[in-house]
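Enquirer: Build the full structure now, drawing on both the sequences and the hints.
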Amino acid sequence: MKNIDYKILFELMKNAKTSDRQLAKKLGVSQPTVTRRRARLEKEVIDGYTAIPRWDKLGYEILAVTLVRAPLRLGAENTMKDAIEKSTQWLKKQPNVIFGGECRGMGMTGVMFSLHKNYAALDEFLTSHRLQLGHFLEEVNTIIVNLTGKAVYRPLSLKYLAET
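The working numbering puts the first residue of the sequence shown at 1, with every later residue one more than the last.
Rather than coming from a laboratory, the hints here were simulated on the basis of the structure.
Be a bit skeptical, because a hint or two may be false.
Said to hold, decoys possible - Below 30 Å or equal to it, Euclidean Cα-Cα: the simulated DSS-like pairs (lysine-lysine) are:
#1 K81 x K92
#2 K14 x K25
#3 K14 x K57
#4 K159 x K17
#5 K159 x K117
#6 K26 x K2
#7 K93 x K57
#8 K159 x K25
#9 K159 x K7
#10 K150 x K57
#11 K117 x K17
#12 K117 x K93
#13 K2 x K43
Claimed, not checked - Ranges of calculated distance between the beta carbons of each label pair, as one might list FRET restraints:
#14 E163 x K2: 19 to 27 Å
#15 G101 x Y160: 18 to 26 Å
#16 A39 x W90: 31 to 39 Å
#17 N141 x E163: 28 to 36 Å
Keep in mind that this is a model prediction, so the values were computed, not measured.
Backbone N, C-alpha and C define an ideal beta-carbon position, used for all residues, glycine too.
Expert: See the structure below:
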């Protein structure tokens, strides 16, 4: 990617609604250049555009960060491939999971971020997780973040990356 591509990308991370004309003016290039480069970025780099809401205004009170540890080897009846496939399928069925992936550190092997309307919804979610995938896991730890009130010091946004 060229420098102009990064500049366009960072401006879009700050505000994806910015028009090509506005981007061109801000970056000091022509509007056709922005349009052409933006199209290439959308094809090769940009995964999608999304609005990031104020979660508490939508009724979500809790962000849960769940860390799991799966054994390096599973019993004869379960293969690692089966565990990954079943975990992936389970995650795809959970609309409140906003990220799930492998991780390293603190002895953990997986991480999941999920949003919940209240503690009862979180408890139901974690119970389902344990019932469906618990036999693949050695340890599960969940950290909960209160999304309401004054405890959110920096809201979730990608615009901060663009400021680096």
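Enquirer: State for each hint whether it applies.
Expert: We went through each hint and held it up to the structure:
no.: 1; hint: K81 x K92; verdict: 17 Å, holds
no.: 2; hint: K14 x K25; verdict: 16 Å, holds
no.: 3; hint: K14 x K57; verdict: 21 Å, holds
no.: 4; hint: K159 x K17; verdict: 13 Å, holds
no.: 5; hint: K159 x K117; verdict: 26 Å, holds
no.: 6; hint: K26 x K2; verdict: 17 Å, holds
no.: 7; hint: K93 x K57; verdict: 24 Å, holds
no.: 8; hint: K159 x K25; verdict: 20 Å, holds
no.: 9; hint: K159 x K7; verdict: 12 Å, holds
no.: 10; hint: K150 x K57; verdict: 14 Å, holds
no.: 11; hint: K117 x K17; verdict: 29 Å, holds
no.: 12; hint: K117 x K93; verdict: 17 Å, holds
no.: 13; hint: K2 x K43; verdict: 15 Å, holds
no.: 14; hint: E163 x K2: 19 to 27 Å; verdict: 20 Å, holds
no.: 15; hint: G101 x Y160: 18 to 26 Å; verdict: 21 Å, holds
no.: 16; hint: A39 x W90: 31 to 39 Å; verdict: 36 Å, holds
no.: 17; hint: N141 x E163: 28 to 36 Å; verdict: 32 Å, holds
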